[in-house]
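Mind docking chains B and C on chain A? Use the hints.
Protein chains in written order, with UniProt numbering: chain A, 1 to 309; chain B, 1 to 309; chain C, 1 to 309.
Mixed in with the good hints there might be a few duds.
Stated by the list, open to error - If you want the footprint, here are the derived chain A segments under chain B, 3+ residues with CB under 8 Å:
| # | stretch |
| --- | --- |
| 1 | 241-255 |
| 2 | 270-278 |
Said to hold, decoys possible - Incomplete in silico selection of chain C near chain A, CB under 8 Å:
| # | residue |
| --- | --- |
| 3 | L125 |
| 4 | D165 |
| 5 | L182 |
| 6 | A194 |
| 7 | F202 |
| 8 | S220 |
| 9 | L222 |
| 10 | D227 |
| 11 | Y280 |
Stated by the list, open to error - Here are some chain B residues the structure puts well away from chain C; computed CB gaps all over 12 Å:
| # | residue |
| --- | --- |
| 12 | M1 |
| 13 | E21 |
| 14 | D44 |
| 15 | I47 |
| 16 | K53 |
| 17 | G60 |
| 18 | G73 |
| 19 | P110 |
| 20 | E148 |
| 21 | E156 |
| 22 | Y158 |
| 23 | I160 |
| 24 | L239 |
| 25 | P241 |
| 26 | H250 |
| 27 | T309 |
Think of the hints as simulated: they come from the structure by calculation, not from any bench.
Cβ coordinates follow ideal geometry from the N, Cα and C atoms, glycine included.
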Amino acid sequence: MIISTIASHSSLQIILGANREGFKTRLYASPKRKNFYASLPVVDELIVADDLKEILSDEGIIIPHGSFVAYLGLDAIENSEARFFGNKRFLKWETKFELVDKALEKAGIPQVESVDLSEVRDDELYFVRMEGPKGGSGHFIAYGRELEDKLKSVSEPYRIERFIDGAYIYVHFFYSPILNRLELLGVDERLVIADSNKRRPFKALPYTIVGNKAVALRESLLPRLYDYGLAFVEAMRKLEPPFIGPFALHFAYDGDFHCIGFASRIDGGSNAKHWYSALYWGEEMLMGERIAREIKLALQEDRLEEVVT
Amino acid sequence: MIISTIASHSSLQIILGANREGFKTRLYASPKRKNFYASLPVVDELIVADDLKEILSDEGIIIPHGSFVAYLGLDAIENSEARFFGNKRFLKWETKFELVDKALEKAGIPQVESVDLSEVRDDELYFVRMEGPKGGSGHFIAYGRELEDKLKSVSEPYRIERFIDGAYIYVHFFYSPILNRLELLGVDERLVIADSNKRRPFKALPYTIVGNKAVALRESLLPRLYDYGLAFVEAMRKLEPPFIGPFALHFAYDGDFHCIGFASRIDGGSNAKHWYSALYWGEEMLMGERIAREIKLALQEDRLEEVVT
Amino acid sequence: MIISTIASHSSLQIILGANREGFKTRLYASPKRKNFYASLPVVDELIVADDLKEILSDEGIIIPHGSFVAYLGLDAIENSEARFFGNKRFLKWETKFELVDKALEKAGIPQVESVDLSEVRDDELYFVRMEGPKGGSGHFIAYGRELEDKLKSVSEPYRIERFIDGAYIYVHFFYSPILNRLELLGVDERLVIADSNKRRPFKALPYTIVGNKAVALRESLLPRLYDYGLAFVEAMRKLEPPFIGPFALHFAYDGDFHCIGFASRIDGGSNAKHWYSALYWGEEMLMGERIAREIKLALQEDRLEEVVT
Numbered sequence: 001m002i003i004s005t006i007a008s009h010s011s012l013q014i015i016l017g018a019n020r021e022g023f024k025t026r027l028y029a030s031p032k033r034k035n036f037y038a039s040l041p042v043v044d045e046l047i048v049a050d051d052l053k054e055i056l057s058d059e060g061i062i063i064p065h066g067s068f069v070a071y072l073g074l075d076a077i078e079n080s081e082a083r084f085f086g087n088k089r090f091l092k093w094e095t096k097f098e099l100v101d102k103a104l105e106k107a108g109i110p111q112v113e114s115v116d117l118s119e120v121r122d123d124e125l126y127f128v129r130m131e132g133p134k135g136g137s138g139h140f141i142a143y144g145r146e147l148e149d150k151l152k153s154v155s156e157p158y159r160i161e162r163f164i165d166g167a168y169i170y171v172h173f174f175y176s177p178i179l180n181r182l183e184l185l186g187v188d189e190r191l192v193i194a195d196s197n198k199r200r201p202f203k204a205l206p207y208t209i210v211g212n213k214a215v216a217l218r219e220s221l222l223p224r225l226y227d228y229g230l231a232f233v234e235a236m237r238k239l240e241p242p243f244i245g246p247f248a249l250h251f252a253y254d255g256d257f258h259c260i261g262f263a264s265r266i267d268g269g270s271n272a273k274h275w276y277s278a279l280y281w282g283e284e285m286l287m288g289e290r291i292a293r294e295i296k297l298a299l300q301e302d303r304l305e306e307v308v309t
Numbered sequence: 001m002i003i004s005t006i007a008s009h010s011s012l013q014i015i016l017g018a019n020r021e022g023f024k025t026r027l028y029a030s031p032k033r034k035n036f037y038a039s040l041p042v043v044d045e046l047i048v049a050d051d052l053k054e055i056l057s058d059e060g061i062i063i064p065h066g067s068f069v070a071y072l073g074l075d076a077i078e079n080s081e082a083r084f085f086g087n088k089r090f091l092k093w094e095t096k097f098e099l100v101d102k103a104l105e106k107a108g109i110p111q112v113e114s115v116d117l118s119e120v121r122d123d124e125l126y127f128v129r130m131e132g133p134k135g136g137s138g139h140f141i142a143y144g145r146e147l148e149d150k151l152k153s154v155s156e157p158y159r160i161e162r163f164i165d166g167a168y169i170y171v172h173f174f175y176s177p178i179l180n181r182l183e184l185l186g187v188d189e190r191l192v193i194a195d196s197n198k199r200r201p202f203k204a205l206p207y208t209i210v211g212n213k214a215v216a217l218r219e220s221l222l223p224r225l226y227d228y229g230l231a232f233v234e235a236m237r238k239l240e241p242p243f244i245g246p247f248a249l250h251f252a253y254d255g256d257f258h259c260i261g262f263a264s265r266i267d268g269g270s271n272a273k274h275w276y277s278a279l280y281w282g283e284e285m286l287m288g289e290r291i292a293r294e295i296k297l298a299l300q301e302d303r304l305e306e307v308v309t
Numbered sequence: 001m002i003i004s005t006i007a008s009h010s011s012l013q014i015i016l017g018a019n020r021e022g023f024k025t026r027l028y029a030s031p032k033r034k035n036f037y038a039s040l041p042v043v044d045e046l047i048v049a050d051d052l053k054e055i056l057s058d059e060g061i062i063i064p065h066g067s068f069v070a071y072l073g074l075d076a077i078e079n080s081e082a083r084f085f086g087n088k089r090f091l092k093w094e095t096k097f098e099l100v101d102k103a104l105e106k107a108g109i110p111q112v113e114s115v116d117l118s119e120v121r122d123d124e125l126y127f128v129r130m131e132g133p134k135g136g137s138g139h140f141i142a143y144g145r146e147l148e149d150k151l152k153s154v155s156e157p158y159r160i161e162r163f164i165d166g167a168y169i170y171v172h173f174f175y176s177p178i179l180n181r182l183e184l185l186g187v188d189e190r191l192v193i194a195d196s197n198k199r200r201p202f203k204a205l206p207y208t209i210v211g212n213k214a215v216a217l218r219e220s221l222l223p224r225l226y227d228y229g230l231a232f233v234e235a236m237r238k239l240e241p242p243f244i245g246p247f248a249l250h251f252a253y254d255g256d257f258h259c260i261g262f263a264s265r266i267d268g269g270s271n272a273k274h275w276y277s278a279l280y281w282g283e284e285m286l287m288g289e290r291i292a293r294e295i296k297l298a299l300q301e302d303r304l305e306e307v308v309t
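Just chain A, same shape as in the assembly:
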């Protein structure tokens, strides 16, 4: 059995996991990324391709990640005959404000407050969020008095949120259909360009993500986050069944949790290794390793069709 993915986003941990669980691995990479991926012994087959849509005719099990929608498009994925780990139709849920709201409302997870431009107060700080996952690019902060002017140059769908003075944390979950269990596997904090302000007089800088850092969350906060995870799985099972595999809930925390979005696939923040997986598995696993483990378990029980679509 071969596990295939595109060389980007979180493919390293996906390939590492597949290798560890005994699968062959196949990676589709654009030419300029060849040197790095070709150096890795865990990659059994590297397909250097100008058009990454080639992966849609792969006969292995494809693990989608945060670059798939950008590279392939939602329609091509949903209409593909290829076997994807997880629910192909779940991928679109993070891409539109309308779907994000629908999922979070159904789950009863409190969202950050959105405001209309007419409601903003001059001296309050706001966060303008672009629609869909963009790795943080495009988002910006501004005072109410600056908003009208700054929004003139924004040409894509956006939303004005109250800025939360708090910590921004990203919680990584895996729902196993084979074990019928939700696992909370890690928490990360983003490293963004705007964090440069910890070393300079304040300046409004881009929120572009540069990397991720593992956070050991204060333990008393975990039970509520786990309940949010359970509620999310339950909601999505009604809205877009079946529910399979990885997702992440994103929060601002200022003493209360305010959900600022989610990833409807493996989240790049799970690249920051965490030890919580040992609580479920006795060993530390990256999310990519957890995915491969699920496929192996499914194959062992002859239930592969329950984890692919």
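Structure of chains B and C alone, referenced to chain A:
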């Protein structure tokens, strides 16, 4: 043999360690925390209880952590017949400025400078610290000119400290009575709500702890910290013998170390995994795993009474 | 076979690695560092010495790190008869602006822009970098209008750089002559005293390094960094052959990479543990462990002379 604790603070690593070292595990959880802890295979027995004082009649070995004093009270712990890992009477030492000062002075560890309200200078920055471990809540920074006003609303014991422009690091130690050895097992940095200032124009925000991040400390700083750890153990052996198990020293570092307090039990910052344990044990261990290892070593040598009180 | 180094900088991971790969370990420590290093079972022989130059007559394989030049001097190292892992003559390349520029230009790696004092603009922010590795000490930021005044008190060679509003990341590489392979083993972010600004109104503070934190870099950034690594190895093979072992490239990233320097030996930032090594080795290794592995591989193939000078 059963190892028991309360579901909070650092119970995940305690339970994980107990499981790894071959003990049965028992966890006391309040009802609203049930879902998360019930999902974990490392928990052998989950006791959902409205009153967590039930743990005081547990017949296993109880591992106390940072929530014990809040949940149970110092008197109930000290008067309990239950077997606690570590010295029960050491737990109180972090709860009062007077005891903190006594311990640090005895150990000769330099403390951050405290000042009287009458001494503050208008344009200097100060840190107002509430007494006892509160997870950072209540502490605040202010300029001298703001202090009198801000202190009016403070109803609990506090202390005014000179604000140190530096890194805040938390050093995790384990003293083993069985091996007669002090181990430096890790260093963390807190993630607090006030860190939000790395992404916004400055605002005085709460110091509430949200999580912890591992720090690989500059190696040249470790020998002095280790010496402080040795001195602390030596001092507490005189002030409150015997000395057993985990503690943490907290420092602000601006080129010099200024001690800002300590944890007289496993510190939540040890939830951030670190590799230094491999230097002592050839494998990486969380503090909770180290505790379980000590109990196992004690049992093997029939010296359990040396590590419980 | 014995592996020897000086007790400082990154000696813990070097000793741990040597121990794991089956070597005897010998550590030279100044007297005030004795307690800590003496507590570590991975140290087979601790030589407490006032003069660390004793190491130059060690008959084992010496692993140099970032404190060697400061303790021993470049000439003493280059003229030593002792066997050093890596190319002794490479160590000097990080110590002079002229050599740094020569290496980076030869490799075609884009550098941060340096400016002359006469070119600075009053309201722009600049970073003044001292020559050579100093653990961040001495570097400072200032607006153009402040520079002339602040530079009056600087007595060592410096350079004025445009301040990059971005993330500062440090990329750790190992080039294996035995496998003829470049490995990208980790990325870290420095924790510096100036980071204190994430919790206080801005103040220009020292850039002194306090520690290092692992960063899981956004995966799409890795292939370019790997290409930079390859180009660096290729350039140094021409400028100062042979190329052996660890180095690090240092970057400011604001959407583009701007190289701000490199370490021509194991970089202290590799003390922050990272999982990328599992992609090459199936297990996680610190850089110090990777070094010991290379020596072991070389010995197994009777090619030790290819990795020592």
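Tell me the hint numbers this structure goes against, listed in increasing order. Hint check: nothing fails, all pass.
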